[in-house]
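Those sequence lines, one after another, are chains A and B. For the first sequence, the working numbering begins at 4 and goes up steadily by one. For the second sequence, the working numbering begins at 4 and goes up steadily by one.
Rather than coming from a laboratory, the hints here were simulated on the basis of the structure. Quantities reported herein were computed from a predicted structural model and do not represent experimental measurements. Among the clues, some could well be false.
Straight-line distance between alpha carbons at most 20 angstroms, and here's what the computed EDC-like set of lysine to aspartate or glutamate pairs gives [said to hold, decoys possible]:
#: 1; chain 1: B; residue 1: Lys89; chain 2: A; residue 2: Asp46
#: 2; chain 1: A; residue 1: Lys89; chain 2: B; residue 2: Glu250
#: 3; chain 1: A; residue 1: Lys89; chain 2: A; residue 2: Glu67
#: 4; chain 1: A; residue 1: Lys119; chain 2: A; residue 2: Glu64
#: 5; chain 1: A; residue 1: Lys89; chain 2: B; residue 2: Glu67
#: 6; chain 1: A; residue 1: Lys223; chain 2: B; residue 2: Glu134
#: 7; chain 1: A; residue 1: Lys89; chain 2: A; residue 2: Glu189
#: 8; chain 1: B; residue 1: Lys130; chain 2: B; residue 2: Glu158
Chain B side only, calculated, beta carbon under 10 angstroms to chain A, not exhaustive [unchecked claim]:
#: 9; residue: Gly39
#: 10; residue: Arg41
#: 11; residue: Thr68
#: 12; residue: Gly90
#: 13; residue: Asn91
#: 14; residue: Arg98
#: 15; residue: Thr106
#: 16; residue: Leu125
#: 17; residue: Gln129
#: 18; residue: Asp182
#: 19; residue: Leu227
#: 20; residue: Ala230
#: 21; residue: Ile239
#: 22; residue: Ala248
#: 23; residue: Arg249
Beta carbons: idealized from backbone N, C-alpha and C, even for Gly.
There are 2 protein chains.
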Amino acid sequence: MIQRITISPQQCQGTSIALTQPQVHYLVRVLRLKGGDRFIAQDGNTQQWLAALTSQPELAEIIETLAPLLLCSPAPPLRLIAAMPKGNSFDQVVRQTTELGVTHIYPVFSARSLLKPSDNKLARWQKIAEEAAEQSERLTVPSIFAPVRFQQCLEQADWTGLRYICVARSHSSSAQNPDLLTHLLEHLISADSLSVTLAIGPEGGWTPEEITVANHYHYKTTSLGSAILRAVTAPITALSLVTAARELLI
Amino acid sequence: MIQRITISPQQCQGTSIALTQPQVHYLVRVLRLKGGDRFIAQDGNTQQWLAALTSQPELAEIIETLAPLLLCSPAPPLRLIAAMPKGNSFDQVVRQTTELGVTHIYPVFSARSLLKPSDNKLARWQKIAEEAAEQSERLTVPSIFAPVRFQQCLEQADWTGLRYICVARSHSSSAQNPDLLTHLLEHLISADSLSVTLAIGPEGGWTPEEITVANHYHYKTTSLGSAILRAVTAPITALSLVTAARELLI
Chain A
4 MIQRITISPQ QCQGTSIALT QPQVHYLVRV LRLKGGDRFI AQDGNTQQWL AALTSQPELA
64 EIIETLAPLL LCSPAPPLRL IAAMPKGNSF DQVVRQTTEL GVTHIYPVFS ARSLLKPSDN
124 KLARWQKIAE EAAEQSERLT VPSIFAPVRF QQCLEQADWT GLRYICVARS HSSSAQNPDL
184 LTHLLEHLIS ADSLSVTLAI GPEGGWTPEE ITVANHYHYK TTSLGSAILR AVTAPITALS
244 LVTAARELLI
Chain B
4 MIQRITISPQ QCQGTSIALT QPQVHYLVRV LRLKGGDRFI AQDGNTQQWL AALTSQPELA
64 EIIETLAPLL LCSPAPPLRL IAAMPKGNSF DQVVRQTTEL GVTHIYPVFS ARSLLKPSDN
124 KLARWQKIAE EAAEQSERLT VPSIFAPVRF QQCLEQADWT GLRYICVARS HSSSAQNPDL
184 LTHLLEHLIS ADSLSVTLAI GPEGGWTPEE ITVANHYHYK TTSLGSAILR AVTAPITALS
244 LVTAARELLI
């Protein structure tokens with residue numbers, strides 16, 4: 004399998020790609036590529052190039068411009084609003100939801116998760132998303148936004164499409180909160196677009212006030228079933244359902 | 004929320020529970036429970052008791068025998084056959100699939116994953132499963148079996164129910180291999196039982212020979228969609244789909 008790296012557009016200089024030090028390290032030390040060995044460079048948006056290392060490690064040569072995303076439409080937005088869990092487990096959320104095709108990640112502070120991540124976290128998460136996109140051969144690297152309060156995130160959002168706030172079992176035993184899969188199978192088929200936004204709470208869940216505010220912004224209350232999932236597992240489960248339900252309709 | 008621990012049946016002595024040192028550590032040091040504080044002890048099968056710490060840390064008093072599993076039927080088997088990935092990432096598979104309700108885990112060696120886990124791994128995975136079952140308030144702790152070769156696992160298995168082998172996108176572009184969700188929605192409704200077995204491959208996937216052997220044992224070939232998932236994410240996605248599809252039918 005040919006390896007992929009993500010580059011910024013400025014790195015393309017005519018028929019060459021100026022590699023950064025970490026990229027050289029990854030290609031030469033980690034992947035053990037040599038002069039002449041090929042890899043794919045992608046810009047994280049729609050463009051990709053087949054390239055080869057040259058005798059100068061920091062300079063790669065473009066062999067061919069590849070452009071499959073000009074032939075197929077980009078994936079519809081799949082947005083994740085997620086309360087930040089403790090420790091480093093948001094790294095895992097970023098990595099696994101990227102594999103599953105998330106397009107935008109909005110880490111938020113909620114009433115039950117007030118932890119302020121250190122300043123370098125956002126850059127770290129973006130790096131993890133780039134690596135995960137490369138590994139899973141995704142051309143689109145998700146955008147990760149700076150953490151804000153949950154309510155502020157809802158206020159600022161101007162997107163449309165289906166919107167769900169996922170709540171724990173204890174809140175969802177009534178028929179008013181059908182499972183996410185029930186919702187998706189019912190709504191996706193008649194929706195104007197396949198755009199989906201999911202809000203996933205912290206350990207302990209969203210507060211009733213947070214659910215009310217989200218409902219006000221047209222987020223339907225839904226559950227991820229009778230299982231009690233950790234904050235790190237719930238986004239993976241929810242995104243797995245969205246991508247599978249979408250593929251049923253394609 | 005009241006905390007749960009898993010005990011072995013021998014620990015129940017009349018109206019008392021003899022706690023092990025790790026359990027005392029967990030209840031007293033980690034959860035900071037004191038004499039009189041309550042918790043639930045479960046035996047990992049059907050039995051559970053409401054108990055309280057006494058003034059002696061290693062002795063808990065049974066307040067009440069709880070028996071909800073006598074009132075509802077146990078969950079139908081949800082078996083995972085999984086090729087073992089490198090490093091410690093199988094820990095994560097065990098933890099997250101337990102949250103999602105797996106009942107049996109069969110780690111296997113496959114043509115593309117020949118790593119032999121160290122001898123203490125099985126005990127470690129069982130411990131992780133117990134902790135995850137407690138956290139997600141599951142009464143049933145999944146059974147984890149000693150690693151065998153994939154083919155040997157298939158030969159030894161005497162279970163019935165729906166069986167799927169999940170393959171990567173490159174093998175599944177044809178209509179012969181519908182997505183797992185398509186399969187589940189079609190098959191679960193007419194199946195004799197809700198028992199499901201999933202075989203998930205290593206990084207790089209199952210070999211064509213392994214797929215042929217599994218087909219021989221009535222495993223239908225299916226895909227987890229167009230995403231390329233790591234070996235640690237694929238089981239979570241597959242189990243999320245099974246549990247959600249089952250709940251649609253309940």
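We went through each hint and held it up to the structure:
| no. | hint | verdict |
| --- | --- | --- |
| 1 | B:Lys89 to A:Asp46 | 30 angstroms, violated |
| 2 | A:Lys89 to B:Glu250 | 30 angstroms, violated |
| 3 | A:Lys89 to A:Glu67 | 44 angstroms, violated |
| 4 | A:Lys119 to A:Glu64 | 43 angstroms, violated |
| 5 | A:Lys89 to B:Glu67 | 34 angstroms, violated |
| 6 | A:Lys223 to B:Glu134 | 32 angstroms, violated |
| 7 | A:Lys89 to A:Glu189 | 35 angstroms, violated |
| 8 | B:Lys130 to B:Glu158 | 27 angstroms, violated |
| 9 | Gly39 | 24 angstroms, violated |
| 10 | Arg41 | 19 angstroms, violated |
| 11 | Thr68 | 23 angstroms, violated |
| 12 | Gly90 | 14 angstroms, violated |
| 13 | Asn91 | 13 angstroms, violated |
| 14 | Arg98 | 8 angstroms, holds |
| 15 | Thr106 | 13 angstroms, violated |
| 16 | Leu125 | 23 angstroms, violated |
| 17 | Gln129 | 19 angstroms, violated |
| 18 | Asp182 | 6 angstroms, holds |
| 19 | Leu227 | 8 angstroms, holds |
| 20 | Ala230 | 6 angstroms, holds |
| 21 | Ile239 | 5 angstroms, holds |
| 22 | Ala248 | 7 angstroms, holds |
| 23 | Arg249 | 9 angstroms, holds |
In this structure, the hints that do not hold are numbers 1, 2, 3, 4, 5, 6, 7, 8, 9, 10, 11, 12, 13, 15, 16 and 17, in rising order.
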